[in-house]
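Protein chains: 4
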Amino acid sequence: MSEATFLGDLLQTIAERGRRLLARAGPPDDGRGGALAALCERLLASRGEASSLALAQEILDRWAGLPDGDRRAFMTMLLDDFGPRRDRLDAAVEAYRTAPTPKAAQRLHEASEPRRQELIRRLNAAPDGMAALVRMREALLALKADDPGLAVVDDDFAHLFGSWFNRGFLVLRRIDWASPASVLEKIIRYEAVHEIRDWEELRRRLEPPDRRCFAFFHPRLVDEPLIFVEVALTTDMPATVAEVLSPERAPIPAEQASAAVFYSISNCQEGLRGVSFGNFLIKQVVQDLRRDLPELATFVTLSPVPGFAAWLAREREAPDSEALGAEDRALLAALDDRGWMDDPEAAERLRPVMSRACAWYLVHARNGRGGVIDPVARFHLGNGARLERVNFLADRSARAMRQAHGMMVNYLYELEKIEANHEAFFDRGEVATSSSVRRLARRQRSPEVKPAALPAS
Amino acid sequence: MSEATFLGDLLQTIAERGRRLLARAGPPDDGRGGALAALCERLLASRGEASSLALAQEILDRWAGLPDGDRRAFMTMLLDDFGPRRDRLDAAVEAYRTAPTPKAAQRLHEASEPRRQELIRRLNAAPDGMAALVRMREALLALKADDPGLAVVDDDFAHLFGSWFNRGFLVLRRIDWASPASVLEKIIRYEAVHEIRDWEELRRRLEPPDRRCFAFFHPRLVDEPLIFVEVALTTDMPATVAEVLSPERAPIPAEQASAAVFYSISNCQEGLRGVSFGNFLIKQVVQDLRRDLPELATFVTLSPVPGFAAWLAREREAPDSEALGAEDRALLAALDDRGWMDDPEAAERLRPVMSRACAWYLVHARNGRGGVIDPVARFHLGNGARLERVNFLADRSARAMRQAHGMMVNYLYELEKIEANHEAFFDRGEVATSSSVRRLARRQRSPEVKPAALPAS
Amino acid sequence: MSEATFLGDLLQTIAERGRRLLARAGPPDDGRGGALAALCERLLASRGEASSLALAQEILDRWAGLPDGDRRAFMTMLLDDFGPRRDRLDAAVEAYRTAPTPKAAQRLHEASEPRRQELIRRLNAAPDGMAALVRMREALLALKADDPGLAVVDDDFAHLFGSWFNRGFLVLRRIDWASPASVLEKIIRYEAVHEIRDWEELRRRLEPPDRRCFAFFHPRLVDEPLIFVEVALTTDMPATVAEVLSPERAPIPAEQASAAVFYSISNCQEGLRGVSFGNFLIKQVVQDLRRDLPELATFVTLSPVPGFAAWLAREREAPDSEALGAEDRALLAALDDRGWMDDPEAAERLRPVMSRACAWYLVHARNGRGGVIDPVARFHLGNGARLERVNFLADRSARAMRQAHGMMVNYLYELEKIEANHEAFFDRGEVATSSSVRRLARRQRSPEVKPAALPAS
Amino acid sequence: MSEATFLGDLLQTIAERGRRLLARAGPPDDGRGGALAALCERLLASRGEASSLALAQEILDRWAGLPDGDRRAFMTMLLDDFGPRRDRLDAAVEAYRTAPTPKAAQRLHEASEPRRQELIRRLNAAPDGMAALVRMREALLALKADDPGLAVVDDDFAHLFGSWFNRGFLVLRRIDWASPASVLEKIIRYEAVHEIRDWEELRRRLEPPDRRCFAFFHPRLVDEPLIFVEVALTTDMPATVAEVLSPERAPIPAEQASAAVFYSISNCQEGLRGVSFGNFLIKQVVQDLRRDLPELATFVTLSPVPGFAAWLAREREAPDSEALGAEDRALLAALDDRGWMDDPEAAERLRPVMSRACAWYLVHARNGRGGVIDPVARFHLGNGARLERVNFLADRSARAMRQAHGMMVNYLYELEKIEANHEAFFDRGEVATSSSVRRLARRQRSPEVKPAALPAS
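Residue numbers (UniProt numbering), protein chains in the order written: chain A, 1 to 457; chain B, 1 to 457; chain C, 1 to 457; chain D, 1 to 457.
Take these hints with a grain of salt, some might be off.
With a straight-line Cα cutoff of 30 angstroms, these simulated DSS-like cross-link-like pairs (lysine-lysine) come out [stated by the list, open to error]:
| # | chain 1 | residue 1 | chain 2 | residue 2 |
| --- | --- | --- | --- | --- |
| 1 | D | K186 | C | K103 |
| 2 | D | K103 | C | K144 |
| 3 | B | K186 | D | K103 |
| 4 | C | K186 | C | K144 |
| 5 | A | K186 | C | K144 |
| 6 | D | K103 | C | K103 |
| 7 | A | K144 | B | K186 |
Partner residues aside, some chain C positions facing chain D, computed with beta carbon under 7 angstroms [unchecked claim]:
| # | residue |
| --- | --- |
| 8 | L44 |
| 9 | R47 |
| 10 | E419 |
| 11 | F426 |
These are computed hints drawn from the structure, not numbers from a lab.
Glycine included, C-beta positions come from ideal geometry on N, C-alpha and C.
Same shape as in the complex, but just chain A (with noise of 0.2 angstroms):
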């Protein structure tokens, strides 16, 4: 990393340079969101390298100061200012218009392209450029919420970061107890599934034998890691988070373990939204921990059901529910009383509805759209993995409880069917699934259902 850092240094001198060409100039601006317009015209107007980095970077200093509302007004003006130009475009469009040919669709993307999307490329070269312009659109998509406007200049943002962060550019490194402490917190930071309560925490999740961590990175965002995945290497396909992550268990050798276990994965970098990395890290780690531990057979996640909790209040209000009969609802009010997962018996009693419905809630169920309803089981499917279990009781903290009872689910990854199930889920929404699960979600309302496929917690 030190030549990225090398090169950022001398970025910073040359804008530094520029930027006392530009102070001499007088100050160009007031400090507010308005006067910085003047400051991007002239940063696109510019030919000279040292002027042009120094302007890019006062942009993007200015813009890190700027109070919320100025920032609207920022992104307001790059949408009504920094579109494309009319006359050249309305130009575009009358020549398209008389004579088709692909150099006039050709002028006419052109002229079309808004001048914010040549302005940010030019922000891009300042120094550390690239993580202000993270930054600047995650700002941006919380002010979209209110203003659906602005989706117009965030499909720019979007557009450009899908380019500069293809795959191509995106490392892979394992994350360990020697990476750097400043790579390190950034983990305890943005774990957004298990939390990381301390750096004692962190090591138990990296310093084991039988743990890896595994981030992307990309060349210009020095120590930013993307995404990362947290692996625990088992002998079995874990039922429950504290089989993974009690500080008591007895850390294995790396070469005793059969099965490599994807139990949180984080995206880092809200400002990324919709460049996706997720699909692509779990085969890649996939295909490098069997080369390093040829031993490992199978490929499993242990994952929250978010959206379970939601959808189950849903069903068990809605009288016609496909998913629930009377005694299922009936057997369901036991949850209302927030005691029950402590009471052995009381869980006991809702361990086969429950995992029931789970199961019925991932098969079956669909959104308004006509897709899987819970979001990480619309990430693993549409990888190509496989629904191979559902796990009652598995995690019980408070988030868990809240958003799905407690439940979690392993997905597969078979590396021989992930591009069929992959299809199959795209092309006719099929979910794949291991036997025991296609049961479980068989007949919903059936009473005599043998819990005995589930794992004891």
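Here the structure of chain A is known, so what remains is to put chains B, C and D in place on it, guided by the hints.
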């Protein structure tokens, strides 16, 4: 670079898996460019990671094996069949004409994007995809020369390369005798100004303490320099190539140098033509050298004048030449005697008139578009350098004698004046010159110009 | 460090092969120190690579598992059974007495080399052998305290370590927030002067732009610092620890600093006691900082005075103390009131007498061997530093109050005078002092010493 | 290696400071070896870091500039004046005779240490001190040839080098076409078996996928290999050099190889003669290759037989040769015709007798000390390899024809048998052989050769 290699390996593995999937599906192609179309369509339709990478690799591999005729057919196919979708584009045009909102303009921009842009982006994801695309464009540039219609396709390559080779991605690295041989052999191969015959000559350019070489690299083009500059650290501004490159010269300690002489700048990747790096390279190298060697006070080139001989021939024929008078023409007749440069007296007679003519050429001569004729002059003057000195009989190599009758030029980079020179050059066409060159260029036909201002060779 | 790791892996593999050979030969040992003797003899007799490495590893592993009593037995065995071969030695003595030629002297030297030296050299070849030997000597030092006869064995460790940790082998590395966590945790663990409580405190010592940390490493002790120094970049010579370590202080840009303050130096490896690194470390760090930050003009420590309180207690008891007069004694009685440092008036009354006493202690007090008493003073004065200032109530931590009533000292490193100071200190016992300290130390009992020369705390 | 460089720079700076101190003290020397004695005494007396490093550097620099005669004088001075202190040694001898305690033996060992050992240790601390000492010993070895008394001085170098080049310090690195040119030029220079004529030939040894090269490095000898081995990955055990090195051969993918052929092993540092690396190198490389290429099943050399021709000449002259009978001698007369190897029929007639003779030479022939004659055979057999095959007309180079009439040998490394072979070779003088070689070596001439001299099959 090992991480890039590592990622490359993984991509390779993933692509190979997909390739086996592909192979099982039967050979989709007869090996001709035409059938590549089907693969390209499949790649654009693909959603699966593995098959997508495999398809991309397959297309690039087949392309690499195509004979020239099929390559032209492939490019024509990209032009004809991978433009924008006609129906979507026409609808977007109508929508925009009905209501030219920012959103309609954006949709128009999207609809007018040729499908080959997405195709190129997907090809880029293949292992070594970037390098293959750079070679593909190199071939395209050659095809375009005969077939101007392909310029539309080239625009798409150029547009995407401009974004991917954004200067923020470039990494400056010093090249020295401890650099990998796999990089050094490319320095030998790509040196475009003063040929490097073998490894011993390369060593003389890199190993002595008063030599430097810097190159830009891109994270996805491993061991492939994009552009490099060779630097001599000296105590004086050199007037001849021999001073700089003589095998007999005695190296000096770097700390004793007061001048850094950029005596060779070579672009390495023909496929990146039009993506400008040189401008930025020189300024970064100046910064870098100043940091390491604070004693350096002068940054100057020793540059060829490749257009001079052709221009001079025209002027000698032009009866109303502003640059040459009758007396000049008479003197210049000595050039037609091939051995003049080995005849000291003949050379001394030519020195003043040649120096004046060269200064005039660089300062006053303009091409049809009103620009400075000499491409090297355009480059350095556009960078903000100053035309410092013209050097008579400075390079006796066959090429330099043919292109410039042996003349060379020093361009001076004064950091404080770069921006102003640059602006003056682009805004008002002004050529920054030293007073001595200005004097030389002032009155071409006056016999009384004193040659004393020129260095003895 | 990856190469070291790589080699380590290979050594591991080779050693494991040999171990299997060993295992096949049956367990050669009952796990007690005594039976290790046989393994040691086998190791000395071995000529085979694999079995030799395996034997070495086996011995080191068994040693690591020995209880204390058996460790003592092991060391006694090294003393008694692995000295020089008696017969060879006696013959060499006789040969030398007969004809004391250079060759006879050399043979005598060889014959008198205890066999344990070769044993230690062979143990060193094991994977992680060096680290194991350092831990082994750490244990030996503890055993030696009760058993002075083991000093002979310790001499051999010390002799070999002196050669293996020759300064030419040492690698200086900067430690910062981007250093591996596996190294940083050792900084937390080994910090011996100002405790680092947790990772956040560590970050405050490393991450701000005005902080530096440097350590010596050895190529065979991967991720194990030998000694490290923490540096604060400041604008003034600090008088208190609080100025340097306060979490509330505002960091300054490194370029604005004029002073580098060495405020903590910690040896990390007890097993390397007596192998001196600190001397060299400070001078290298001074060189390094000057190169990177040419504005730095002052290099100074902020050091504890660990022997002061004990000395002062003795002087207060000594009726004929040269250092303290009756009036001083009366004033110093206030020290017996534990809360004095929180009583500003009491503290101000103590300031002059304490400052004088501390200066006297450092400049004039001598131990039984005629040396400066304070070990920290001995270290810096021996390095050629100058005693620059004594600081009253400079460290309010429990340890500093107990050891030095809160006093601290600045030692100044002036590169130009280091050699001269060093020579004067060793040759003539002279303590280099600033004029203000000299004045303070001059007349201890005089009541009229002006405290104005001292900094306000 | 950058850290080593960095440290080197710092040492340089520190040494330069000290050198200025030194210079100020006036030139201490007339540049002759004699006056170096004074500098050496000063270095031994020095306690200061800077002056000590400067003195060490000064001595090494002056040494480097000495003419041969003065170098001899310097070494003689080390012998005569830098032995142990006579008085201390005599006292220690007496003390030991009085009471031969462990402590007295230890004191005797210390007192008998020649002062030049500490001198060498201090010289080692200079920047590049290690490299300078290796060159110094290279010179010493040459001087020793004429002056056996210097062997005592050489013993000290050898003793310290043995400790400093302890195998734990050695770093195995792969050398390939991406290695620094500054290392690669040393591979060209040091190749001792099959000459590398230029960079293109070097590339053919390193770049193809079926070639490997590994070297040992030491942390203090930057870019200086100690020993390297060249490996060809093949599908068969090769019988000739041409198979391995032919420029026309078609490389195979590494994964297709079943054999690794060690076809060239070169020691690089004459100054490290007697410090053995090769033994260890081959075994590490075998481990390394097995890890990366699990398909490799055979590890074998293609080795020269440098002593064969000389031995054969003696046997042909010896009337009572056990190895050759009259018929053999008659056949071998064909060797005296220089062009025999270009005459296929002559060669075929020689093949059986030459193969038998070579096998006999390697298996049965012994030198005066009872050891195997051939040095290459001694090396590999001592390593535990097996004599696998003798190859007729395997190397047609001038050297191979002169030394061995073109014969070469394959030695096989079977990891499982290495230790046993090694023990048998050293303990009982047994040469491990394949059955075919055994058969060849069995009956050289007449049926009455005693089979008792042969190893049991």
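How the hints compare with the structure:
Pair hint D:K186 plus C:K103 does not hold up; C-alpha atoms about 37 angstroms apart against a cutoff of 30 angstroms. Distance check on the hinted pair: D:K103 and C:K144 sit about 14 angstroms apart at the alpha-carbon level, within 30 angstroms; holds. Distance restraint check for B:K186 and D:K103: the Cα-Cα separation of roughly 65 angstroms exceeds the 30 angstroms cut-off, and the hinted pair is therefore not satisfied. Note on C:K186 and C:K144: the hinted pairing holds, with a Cα-Cα distance of about 26 angstroms set against a maximum of 30 angstroms.
Our distance criterion of 30 angstroms between C-alpha atoms is broken by A:K186 and C:K144, whose separation comes to about 47 angstroms. For the given pair, D:K103 sits about 24 angstroms from C:K103 by alpha-carbon distance, which is consistent with the 30 angstroms threshold. Between A:K144 and B:K186, the direct Cα distance comes to roughly 49 angstroms. Violation of the 30 angstroms bound is thereby established for this hinted pair. A hinted interface residue such as C:L44 counts as satisfied when its beta carbon comes closer than 7 angstroms to some beta carbon of chain D; here the least separation is about 15 angstroms, so the hint is violated.
With 7 angstroms as the threshold, the beta carbon of C:R47 comes within range of chain D, its nearest partner Cβ sitting at about 6 angstroms, so the hint holds. Evaluation of the C:E419 hint against chain D yields a held restraint, the C-beta minimum of about 5 angstroms falling below 7 angstroms. With its C-beta approaching chain D no nearer than about 6 angstroms, C:F426 sits inside the 7 angstroms limit, and its interface hint holds.
Taken one by one, the earlier hints fail for this structure at numbers 1, 3, 5, 7 and 8, listed in ascending order.
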